[in-house]
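*Asks:* Residue numbers (my numbering), protein chains in the order written: chain A, 1 to 239; chain B, 240 to 683; chain C, 684 to 1412.
In short, the hints are calculated from the structure, not lab data. On a predicted model such as this, the values are computed, not experimentally measured, just so you know. Cβ atoms here follow ideal geometry from the backbone N, Cα and C, with glycine treated the same way. Treat the hints loosely; a few may be bogus.
What the hints assert, rightly or not - Label pairs and their computed distance ranges (CB to CB):
| hint | chain 1 | residue 1 | chain 2 | residue 2 | range |
| --- | --- | --- | --- | --- | --- |
| 1 | B | 640 | A | 218 | 49 to 57 Å |
| 2 | A | 66 | B | 381 | 33 to 41 Å |
| 3 | B | 380 | A | 218 | 32 to 40 Å |
| 4 | B | 640 | C | 788 | 55 to 63 Å |
| 5 | A | 238 | C | 729 | 20 to 28 Å |
| 6 | C | 731 | B | 375 | 43 to 51 Å |
| 7 | A | 106 | C | 729 | 48 to 56 Å |
| 8 | A | 137 | C | 1209 | 22 to 30 Å |
| 9 | A | 102 | C | 995 | 48 to 56 Å |
As the list claims (entries may be wrong) - Capping the alpha-carbon separation at 16 Å, the derived lysine to aspartate or glutamate pairs in EDC-like fashion look like this:
| hint | chain 1 | residue 1 | chain 2 | residue 2 |
| --- | --- | --- | --- | --- |
| 10 | B | 527 | B | 336 |
| 11 | A | 236 | A | 224 |
| 12 | B | 253 | B | 671 |
| 13 | C | 756 | A | 147 |
| 14 | A | 72 | C | 936 |
| 15 | B | 673 | B | 449 |
| 16 | B | 334 | B | 671 |
| 17 | A | 236 | C | 1104 |
| 18 | A | 72 | A | 89 |
| 19 | B | 662 | B | 424 |
| 20 | C | 820 | C | 994 |
| 21 | C | 756 | A | 142 |
Residues per chain are reported as follows:
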Amino acid sequence: MSEHKEEPQDGRPYKWEMVIDLDRCTGCEACVVACHAENNIRISGEQEAADGRAINWIRIERYWEGEYPNVKARFMPVLCQHCGNAPCEPVCPVYASYHTPDGLNAQVYNRCIGVRYCGNNCPYTVRQFNWFDPHWDAPLAEQLNPDVTVRQNGIMEKCTFCVQRIRQGKEQAEKEGRRVRDGEVVPACVQSCPTSALLFGDRNDPTSRVSQSAASDRGFHLLEELGTHPAITYLKRLP
Amino acid sequence: MTTPAPAEEHQIPKINRDLLAPLVTTHWSYFLLVGALACLVAAGAGAWSYQFRTGIGRTNLHPPVFWGVYIASFIFWVGASHSGTFISGVLRLTKAEWRRPITRIAELMTSISLMIATLFVFYHLGRVWRWYYLIPYPNQREIWPNFRSPLMWDAMAVFTYATASTIYLYLPLIPDFALMRDRIEGWRKPLYRALSLGWQGTQQQWQVLETAMRIITPLIVMVMVSVHSIVGWDFGVSLVPAWHSTIFAPYFVVGAVHSGVGLVVIGMYVLRKIYHLEDYIGREHFDKMGKLLLLTTLGLAYLYFAELLTIWYGNIPDHRWVVDALLTGAFAGPFWFMVGCIYVIPLITLTLPAFRHWPLGVMFIGLLINIGMYIERVLLIVPPLAYPRLPFNWDSYAPSWVEMTIVVGSLALAVLLYVLAVKFVPIISIWEEKEGLVHGGRQQ
Amino acid sequence: MKLKRRTFIKALGLAAAGSFLPGCEREVHHLVPYVLPDDEIVPGVADWYASTCRECQAGCGVVVRVMEGRAKKIEGNSEHPLNQGKLCAKGQAALQGLYNPDRIREPLRRPEREGRRPFEPLAWEEALTQLTERLRKVQGPVIMISRPLSGTLAELVSTFMRAIDGELYFYEPGADLPLRAASRAAFGMDAWPHIDLAGSDYVLSFGAPFLEGWLSPVSLGIAYGQMRQGRPLTRGRFVQVEPRLSLTGASADRWIPIRPGTAGLLAMGIGQILLAERPSALPETQRRTYERIYGDIPLDRIAALTDIPREELVRTAREFGSAGAPLAIGGGAACAHTNATESLAAIQGLNVVTGRIGRPGGLRFYEPALFSGTQSIPWLTERSLGELAQRALSVVLLYDSNPLHTAPPSIPLRRLFEQADFVASFSPFMDDSTSAADLILPDHSPLESWGDHVQPTSFPTAIVSLSQPVVTPLYDTRAVGDTFLSLAHRLGLSGFPRETFHAFLQDRWRRLLSEQAGTHGEEAFAAAWAHHVQQGGWWGRPGRELTVTAAPPPLPHVPATFDGDDQNWPLYFHPYPSPSLGQGRGANLPWLQELPDALTSAMWGTWAEINPHTAQAHGIRQGDIVRIVSRYGSIEVPALYYPAIRPDVIAVPMGQGHQEYGRYASRRGVNPQSILAPLFDHRTGVLASAATRVRIEATGRPGRPVLLEPSALDPGHELLTIGKARSSP
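Excised from the complex, chain A in its bound form:
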């Protein structure tokens, strides 16, 4: 355990959070492909997609407002909110859904037996289920990221905030005896976003960009009234 002693002297834990600026989001979906590529998300195919089973850890929800000709489309990227008080966690009978010390809402694939209560109880409908074993036409599977598990039939999955990147960043920082620098670790979606609508960082660091942006008076949480304490702060789109 000696290497854990080399954690930053201040001993503060990390608290990973995201900010999504709806005034910047253009619905380009670069984040969606980035997420698929990074996290070995299956290609569901037309049939499964038609059955409503296409797996997306991040999706762009579009809401229409008004009537023609004064109609507006609003985009909202929705991914796991990594709730501080997550409704999916207590309902899992086998502890497959649990909270990590640095604020992530984790899903233990090996433990999951597929009762799917977490999926029902998630008010954001971000949990995705593997209804069948995944399949990649050869040689598409060559692309799979070796740092991320391929999920088998019968288990629940969802956004991890690219936990494999966070771990790698933390290990690197530990080796060098420092905290993870702001912007050093970002999930794939944040990395790809052309308009920088997505920001990611440590909320326990008051100087991080994510902390500063989250303090914006445009900030709100999705379904805040449920008291789930999401780790994602949305910034309102201006009219």
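Following the hints, position chains B and C against chain A.
*Replies:* Chains B and C only, in chain A's frame:
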């Protein structure tokens, strides 16, 4: 047990003869029925094996509807299991004499229903081959099940209930097993001998049995109330709009009794018809059961109305969407059909005393209630899930052929088990019937 | 064999376990793919290689994550000035082009033209010999149709074609040639301008799809983010003018649903107001020219023709005129009419009138980047393709271009392939056009080949990006540069001293670096080369900004013409490039097929977007199959109610409907091109894809569009989703 009065003495051989008849004589159509049921069960097993091999995707479930007819069936069958405990438990407790010919029919239903209900948990699991993660067994990794999860409460409750109701079924069977041990020859004899636990009918044995019954009866009633409350809390404690409600626990209990009593009525009618038990199960029994059904209908309607009114008037959008979908939206068809089946028609018919004395009619109402209650279980689960809080994800659900085959196969299995049980235990408690003679609570 | 009891029990146990746990665990075939790893391969450790994205003309810098010899992910190169570490959906999905199961894996030839016999493989030597023989004994003209090339490959191919007296053409469907022509007309600049979106505070876009694959999508996306929220006190406003709200338009503050074909008219109206109400910085003579051109048509008439209320027109003009850094841009499907060039000239003229040319937040022109010697290579348009098809051609060479899918069949293009003596394709995929070839010499994936790239639009920094092979080639394919060098050697052409394209590329870079960076000598070059390969290209000095001196008068207005009268063909047909699949290029990548369209949430197919009122008037329910009929044919697609489209317009995304393009794209959806009339922008000849009028018929059959938003197919959907949207407060 006190000795019967001489006046009734002559009836005892008749009781023995009548009630043991189903165990010793078998009509050819019985085998036909068993064969047909076995085919249905095999179809269900085949469908399950197909789902097991290829994936839970053989259901029509998809986000946001993660639970479907398997969970609905689970609730239905747990509900059905309340027949036994309610009829025999509550009626025993209140010393209602007319219960005597019905208790065994009901208790058998309890045990079989619970078995079937448990099966649905297995159908439902995504990785059923890891089902043992649900058991709190000591393991190297020191990982325990999560007792904060309502599903664990549920597993515990159902397990407790299954154990208790098996004991509850078994205890009053002991004297009958002893009777059969003495009267039935052949392969069953050693089995009855073992199961009768050396029952000789001594005064002391009767006292022990009665004490045991006196202890277990109130306990089982309490377990019954708690178990279905916990099933209700599976939903009630969640965040899902229109699940999140305090009324779910009592509602589930009353609903379970409603369908359970309906099921007993069906059982009573069928057994009475086939085994000519008109002397034991009379019209007044149907009258009493009809009154009971009337009571549960009113109770359930009251709770359902309270639930819908609260949501509708409260007008919280997330919850209103669900109610709107039920009353006027995508689910209005099944909803109003269900309302007809479980409230309107029973209310109209069962208030008429003449109707209640018509066994076929009451049986038909019981059937209607059970069909309605099954739809009600599905409607309880699916619409709230289909209308999650972010409307972009709204969807619907209808079961696939695999799901339906498994559901039908399981129903067939339940009936099959019942049909087989009839050949193994007397479907009317013989000693209780005799006891009834002594108490004189029943007119011939 | 004697079966021991212990063995038997073991076997029994295994068999039992196996039978009880079907499908639980899969056998592991490979842990590390190589028995003897390469020097560079350390299992479990990722290497990152810089390269250049070739999915569109922008040429963003990418880094490819490689582990154990396999490419794992494509990400933006954070050092690249163009895309600064960001990357769009298409660029990231390019990885599936490398590992696509339907790549052509070896040279193929078709034994006979007419027969149904499939292609048969042959060896490279034989394939090259066959093509050499053809080129040697050529009877008539040799032409090559290629996707727009740049950098060294463009030089190599154009030199080769010159040496064999052939003609090289670039062809890109939906090419923004009218935009270039308009720049020439409005400012005398034969280039695509740099749109300084980031510096603008009022963007008036006439259908420019700058957030969905137009010009340089990622850099424009970065600029858009800056424009909205990147400055402390200014939030840029954005108004989009187009008949159908596009993905770009969805981000606008205001949408003006203009009548198709009248974008230029609106610009004229706004110009009139600007000139009348504001003192102009323009020289008097130029001002008068603009007044004359813009004042040609009275404002009320413009309001009537564009179907925009006069008040809104005036309001927009005043907002534009009073903004600090207004910017007017145009393009895309909204300008795909027969008057595209004139319209765009009128739109760009607004920047002249407000004095925004060469200013921050306006349109800017920079000295073309190095090696941009591709300016002289002619571009094919759909009109010239049709003309080409009339000629008796001897040999047609085809590279990564699919005109049989991207041009409408009303242009008799198939003739070009049928009449030519010999057609050879270098494309890496079997697409609609390549499947008409006689010989296929498949190219490597871009991730397997060397190359460099100069982006065609103006950009403040001079950039020449480099591509390098990041994985060893998967199949028996050959980089197209190497193929051309082999052909040159076999034909005995002079001027091709190098054996490999890699060496050819280095030669040019040797020249570049000695001119630009003063790198002389082989050793210094080797170091510099390694550095630039590692970095992903050469850049550094800011490009010199060109001042627009010549100010030719803008083009006079020409009304758009349409195919079909408005009695029998009451609706405007509005095909538009799919944001994810483009004009079909991305359709063979499953990630892009499964990427939900952001506005309709549709995946894996084609749909028609229709105003709900129009749909109901025709008795078309949500999701029903609708038949769209033009004078040139009809298509059947599921209709999706789309609240943000004019009632007289029906829109269909392009990109699907391939006859041949691998398992994910073949015979999926429909190609809206198939009913387009052969009408062109009359100045440039680019297809006027929005100039066809159609009528629609309800078939009454329900379709099965694949949607991520399933409730959209509910009967009560409209009421529910529109009325109860609860996204952001």
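*Asks:* Determine for every hint whether it applies to the structure shown.
*Replies:* Hints versus structure:
1. 640/B with 218/A: 49 to 57 Å: holds, 50 Å
2. 66/A with 381/B: 33 to 41 Å: Between residue 66/A and residue 381/B, where Cβ atoms are some 57 Å apart, the hint is violated.
3. 380/B with 218/A: 32 to 40 Å: violated, 45 Å
4. 640/B with 788/C: 55 to 63 Å: violated, 41 Å
5. 238/A with 729/C: 20 to 28 Å: Given about 40 Å between the Cβ atoms, the range is violated.
6. 731/C with 375/B: 43 to 51 Å: With a Cβ separation near 47 Å, residue 731/C and residue 375/B satisfy 43 to 51 Å, so the hint holds.
7. 106/A with 729/C: 48 to 56 Å: Violated, at about 23 Å.
8. 137/A with 1209/C: 22 to 30 Å: violated, 41 Å
9. 102/A with 995/C: 48 to 56 Å: holds, 52 Å
10. 527/B with 336/B: Holds, at about 11 Å.
11. 236/A with 224/A: holds, 14 Å
12. 253/B with 671/B: holds, 14 Å
13. 756/C with 147/A: holds, 12 Å
14. 72/A with 936/C: Holds, at roughly 8 Å.
15. 673/B with 449/B: The given pair, whose Cα atoms are some 15 Å apart, holds under the 16 Å limit.
16. 334/B with 671/B: Given that 16 Å is the threshold and the Cα spacing comes to 12 Å, the pair holds.
17. 236/A with 1104/C: Distance of about 62 Å is beyond 16 Å: violated.
18. 72/A with 89/A: violated, 36 Å
19. 662/B with 424/B: holds, 14 Å
20. 820/C with 994/C: violated, 68 Å
21. 756/C with 142/A: Measuring from Cα to Cα gives roughly 11 Å; hence the hint holds.
The structure shown violates the earlier hints numbered 2, 3, 4, 5, 7, 8, 17, 18 and 20.
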